[in-house]
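Engineer: Sequence:
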Amino acid sequence: MKSLISLLCATLASAASLSITILPSMHLSNPASLPPSTHAVLTGAPGVRYDTPIRRDNSFKFPDIAGEASYLLTIHSRDHFFPPLRVDVTKAADGTYAETISAWQTFRGNEWSNKGSPYGTANNGVLAIQIQAASQKEFYQTRGGFDILGFLKSPMILMGLVSVVFIFGLPYIMDNMDPDTKQEFEEMQKKSPLTGSQGAANQMQNFDIASWLAGKK
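Heads up: the sequence shown runs through residues -15 to -1, 1 to 202, numbered per mature numbering (1 follows the signal peptide of the UniProt record, and there is no 0).
Since the hints were derived computationally from the structure, they do not count as laboratory data. Note that beta-carbon positions come from the ideal geometry of N, C-alpha and C, so glycine has one too. Among these hints, one or two may not hold up.
With a cut-off of at most 27 Å between alpha-carbon atoms, the simulated BS3-like pairs for lysine-lysine come out as follows [what the hints assert, rightly or not]:
(1) K100 <-> K46
(2) K100 <-> K122
(3) K76 <-> K100
(4) K46 <-> K138
(5) K76 <-> K46
Using C-beta positions, here's what the derived DEER-type ranges look like [as the list claims (entries may be wrong)]:
(6) P20 <-> L143: 45 to 55 Å
(7) L134 <-> E96: 44 to 54 Å
(8) I152 <-> G94: 48 to 58 Å
(9) Q121 <-> L155: 52 to 62 Å
(10) Q121 <-> K100: 20 to 30 Å
(11) Q121 <-> Y157: 51 to 61 Å
Hey, can you work out the whole structure from these sequences and the hints?
Structural biologist: Next comes the structure, spelled out in structure tokens:
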């Protein structure tokens, strides 16, 4: 009986404890406004998972973290993102039942050994850290108002404006052009590969598709 009690006391003494308190920040001015569904999860080896809900004092408690292992701490909230943390639990160097527990910032998609800034270390197996919300979740996109400048910058609108200028402005320019300049412009049009007598436009206009299908040159 005494050995069983001693073993139970040793197990309880060797279990580490972690406390996380949420502080106000620019993204979350009042942590008390977090919904009751907010909870923190410690994920370890396959099959090892600790889940605890938020408390009234805006904190999370993990009273019994057994074993010498590394854990991923994630805080799940409906309206806010929190940075993930790495939590390591190791045996004390002096051989006692107390354990060393440390927390660092970690980064998703990176190597597990890539540690960020430290959040705290405790040699007595009881660690209390503080954390802030990283950002606020946005579920809806704000609809922008009508912007006349952005409307005029549209490629289709610019093409339409250029076409209008050519349709209404070019005849006016031709009518008010100097006779010599007008004559030179007409001669340039006659020599143009597109509008001349041998131009592509006239060839397409005089193209006989029936003769071409019949094999005539």
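Engineer: Against each hint, give a clear statement of whether it holds in the structure.
Structural biologist: These are the hints, each one checked on the structure:
1. Proposed proximity of K100 and K46 is supported: the alpha carbons are some 23 Å apart, at most 27 Å.
2. Restraint check: the Cα-Cα separation between K100 and K122 comes to about 25 Å, which is no more than 27 Å; the hinted pair holds.
3. Under the criterion of a C-alpha separation no larger than 27 Å, the hint pairing K76 with K100 is consistent with the structure, at around 20 Å.
4. Under the criterion of a C-alpha separation no larger than 27 Å, the hint pairing K46 with K138 is inconsistent with the structure, at around 56 Å.
5. At most 27 Å may separate the alpha-carbon atoms for a hinted pair to count; K76 and K46 meet this at roughly 21 Å.
6. A beta carbon spacing of about 49 Å between P20 and L143 agrees with the range 45 to 55 Å that was offered as a hint.
7. Against the hinted window of 44 to 54 Å, the Cβ-Cβ separation of L134 and E96 comes to about 47 Å, which satisfies the hint.
8. Between I152 and G94 the beta carbon distance is about 56 Å. The supplied range of 48 to 58 Å therefore holds.
9. Take Q121 and L155: their Cβ atoms lie about 56 Å apart, and the range 52 to 62 Å holds.
10. The given range of 20 to 30 Å is respected by Q121 and K100, whose C-beta atoms sit roughly 26 Å from each other.
11. Distance hint check: the CB atoms of Q121 and Y157 are about 58 Å apart, consistent with the given range 51 to 61 Å.
Of the numbered hints listed earlier, the single one contradicted by the structure is hint 4.
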